[in-house]
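A.B. asks: Here are the chains, one letter per residue:
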Amino acid sequence: MRFWRRPAIGLVGQVFAILLLTLLIEFGASTLLYERASRFAVRDDEANRLAEHLVISRRLLNERPAAQRAGMADELTTERYALQWSEAQPAPPRIAPALNEMRRQILDWEPSLRTADLRVRLQSPGRSSVVTGGVRLADGSWLYFRTLEPVAGINLAFERIALAMVPAIALMVLGGVLLRRVLLPLRRLAGAAEQVGRGAVVPVQEDGPGEVRRVIVAFNRMQDRIQALIAGRTQALAAVGHDLRTPLARLHLRIESLPQADTREAIARDVEEMEAMITSLLAFLGGDADPETPTTVDLAVMCATLADDAQDRGRDAEYVGPDHCEWRVRRVGFKRALMNLVDNALHYGERVTITLLPGGETITIRVEDDGPGIPDDELEHVLEPFVRLDPARGRDTVGFGLGLPIVQLAVSLEGGTLTLSNRPRGGLRAEIVLPHSGRVLHV
Amino acid sequence: MTAPTILLVEDDPSLRMLTARALQENGFSVRPASAAPEMWLALESGPVDLVLLDIMLPGTSGIDLCRSLRQKSDVPIIFMSARASETDRVVGLELGADDYIAKPFGTRELVARVRAVLRRPALDRRAGAGDQGMLTFDGWTVNLPRRELSSPTGAIVDLTGAEFDLLVVLADHAQRVIARERLIELSRTRLGDSSDRSIDVLISRLRRKLSSAGAPAPIVTVRGVGYMLNAPVERA
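Residue numbers (this note's numbering), protein chains in the order written: chain A, 1 to 443; chain B, 1 to 236.
The hints are simulated quantities; they were obtained by calculation from the structure and are not laboratory data. Virtual Cβ for every residue (Gly too), placed ideally from N, Cα, C.
Which stretches of chain A does chain B cover? Using the computed rule of at least three CB atoms under 8 Å from a CB of chain B, they are: (1) 296-305; (2) 318-326.
Over 12 Å on every C-beta distance to chain A, these chain B residues come out as not near it, computed from the model: (3) 94; (4) 135; (5) 173; (6) 186.
So that you can see chain B by itself, here it is in the shape it has in the complex (with noise of 0.2 Å):
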């Protein structure tokens, strides 16, 4: 397998540099560009697997750039920030961005985050590409680009990361049966945010941030076997 193709768009010299070499030491190859007329270049000169898409660039802002860049391709697209600000984040995960780095950031958490989006399966994506990214199931809604989950009643109801991953999986297999040792699998594979605590902890918790006034949440326990969330889901 050929090493994949990162088309790095940055404009300050040396963090291009440094950012290019840190990648390329993890095994990718990388087309670096300072602005948007040197990315389309280098998008025209070869296939490219993902896009770091820096937001503040001189010229055409990086957030401009990655709704051009949405309507002629699917290529996954990453942005990097220096401002931490949610509506930065939100407005380019809604653009269709596939994720979100914010400066500073460390070799290990890059490398995390470019191999999480490119491992995430081609269809998943696909699948998303032509709504909003919206699930809903029994009154809740999930906001995939927002990582956010709504009550029946519309109130905000906050999960670590972890725990949203997993209702992610739960949802894309719902009222199927799903294996503990798959769902470990399965939510591992998502972003490298997962953690230690045992699938059974996170199910409990999801159980009781998931009830509404006398319903009980609507994830079965299917004994010896794993967990089902058992209602229908419909995407928008």
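Excised from the complex, chain A in its bound form (with noise of 0.2 Å):
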């Protein structure tokens, strides 16, 4: 149990909070460029040069009449510094952080300047350092200079692409984790459904954001009304079975009084016949047997007695592999699984082999019979409940084709797996293969 449960946040809701976040992260990188560039100094003799420059023009352009002095600027520009005149003071361009250290050294080298609103700032069109900047005429015009080598000192190339590239990646990062923490609860449930029809109910964690946890919410009473209509079918199918023995009991009885040995006999036969449908029902549907838990067996013993059984019923039963094999499972189903099979083996067959193979890890149990077997296509379907297979004989099998899904349903408890195929010189091999989770260990 969880004391303290996280309030149920919408997914877009979760959605804006991730965004939120990583402009948070993109601010705090930008002002944190921004503030770094701010502290550049360039050598003292390149902000020298450029503020001898920026005085010669402003002075030379403050000369002029208007109408010369974008021509002026034009002379004015070298291999070192593009000028250019305007009216008015054009935007700043967007990613050029100001350059202040460099700025107090143009000053420092020109106090002139004070007076002449000097804007530098770092620009970058390409990968060198452009530094731009400004100077106000005394008539409220502009003088724009742009370096046209790229200045010595500052080269942020590296530190600035990786600080943009910081926000882009956090962004991936932060997002792509966020998500997947989000979706976490909806990969749950798909695996849950994935799990549905399998046995055990498994009810989904209500966590996630609100949407997820409504879904989850719905499909845990969705599985729980599933369960309880089947347990209601299941349990009221088995009464009906337990009670259909009290008149077949009777039934029983009264077959004795009968005058007629032949009828007799046919009857008793029906009787048994329908016990056997209700013994195999209530096997399959678990109406009779309360949950077993695992207990250990020698299963080469159980083998073994089987084979004894059969042939006590004067039956052609052998049993192949070692005289002990202890193993952990619940033993009266597995047993009845077991006995399924080797009763198939014998309606079918004239001769059963039931063979142990135990490996390291698992272990192998044959139970193999010199009958027709089954044809290829049909080996899943007989495992299916309520499935026969016999058009051609008609209907001289036992019970509600229930034998093979009982075994499937006791070998699957076990975390085992059970295999049908048709041996290459005839007959039915039913292998099955118990994991290593029910080996026992003497220390």
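Grab the two chains, each in its own frame, and use the hints to assemble them into the complex.
C.D. replies: This is how it looks when you write it as structure tokens:
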């Protein structure tokens, strides 16, 4: 139990929260970039040369009438600095952090520029650092400059790229991780949905965004309803099975008072068949026995005893394998499964061989007969309940067609697998492989 | 010898009537009862040789009845149940019932079981009354009510009915040689489950199932005479 439950925030809310967080990181990163840029200093001679050029150019432009100023600016353009004159101050470029330290250097060298509203910014059209800026002329128009050569001392390229990448990377990583977290309950739900109908009811933990949480709650309720429905039906069917046994018991006792021997035998056979059907139905529904817990069982002896029992009934049965092999299984259910396989084998064939092959980690039990086998395309089909394979033979099979499904159920309860195959020389092979988990360790 | 009296407790009227008739036809005297109060009345009206008890009864269940009956007398009890559940069988037998029969049953099976329980020597039952019906020898444990054999390592070792009966007979006569003929006779007087298999086959199967790593089973053949369980048996 968790004492503290996270409040249910909607999917939209969570996505917004993720976006907000990444925006904050981006904002922080850019602030850091600007802050650092403003402290960049250039070499003194670089700043001095720019300062002198700006002072001279400003003085020259101030002396000219407005009409000649654009031409004058062109003339003042050297291979180092491009100059330009304009009436008004253009908008500053977008990503251009102010270079406060460099401005201070310039003003230190040429204090006359203090009144000229000097602006210095770092601009980076490419990888090289270009400094741009402007000074105000006496009449309020502006002179712009741009360095044509990269300014020595300002080499921010790598750091700038790294800093610019931070928000992008953060967005990806954070978004990925957070969205994964948000969608985790959905994945759990998918896993649980996959398990529905395979036995145990697995309630999904109610977690995640509001929408998902509502889906999970609905899913859990649906699972409970289905379970209750199945349990109800199973109980009803099992009750019918139980109750049928009393009239069947009466019938059984009444048979003996019948005068005709052949009728008596025929009815006795019918009653026996009904009994077998009810027994297999109850075994399949699990209405007859309480859930068993695994106990240590000598499987080798169990197989041998099944063969011995069949021999005592006058049938041809053989056990091949070691004298002892201890394993943890649900004894009654597992023995019934093996018994069903042996009965099946002796129903369709004349001879049954039970083989036990202990492996290191697993154990294999084979029940083989010399009967006609099962058509390959029907092998999967016969494991489904209420399936019979007797179109040609007529109804000489006793039961509901639950024999193999009961085996399948018991084997999967042990975590094992049941495989049916046709033997190369004829006959059916039923192979049970039990997993490592049942191994008995004697220390 | 007078006919043995059987007290039949069964709530279904027709089944009660049919069962009673089947028993009477086989020479038993039957006192029918439909539930607990009638059963106590019937017990007071005279001595009873055996009680046939349905597990699912209206009011007090057969299991509770069995428990209170056992506190008062040693009368043999056979349970009847429509549930072939292993738990019912084990609970019934552990509460001191002598046998268990699953519905539906035929007259022959019913009569065989009743006769088998009646034939069991009274000594057998009285000896079992004070203990839990456990026999141990050489590390092996025989649980008589559950009809289960456990190996020295604690694993349950499956036996056929005939093999189990033979093992119990051998254990009852531990460290004494029993003649083959006597063995056949003894194992047949237990439940009518014994097979036509010769005793020698059963013995060889038991030996195989009772062997443990390296050690042979403690069953020895005395040539020309019979067999012997060569280990002391303790009862608990």
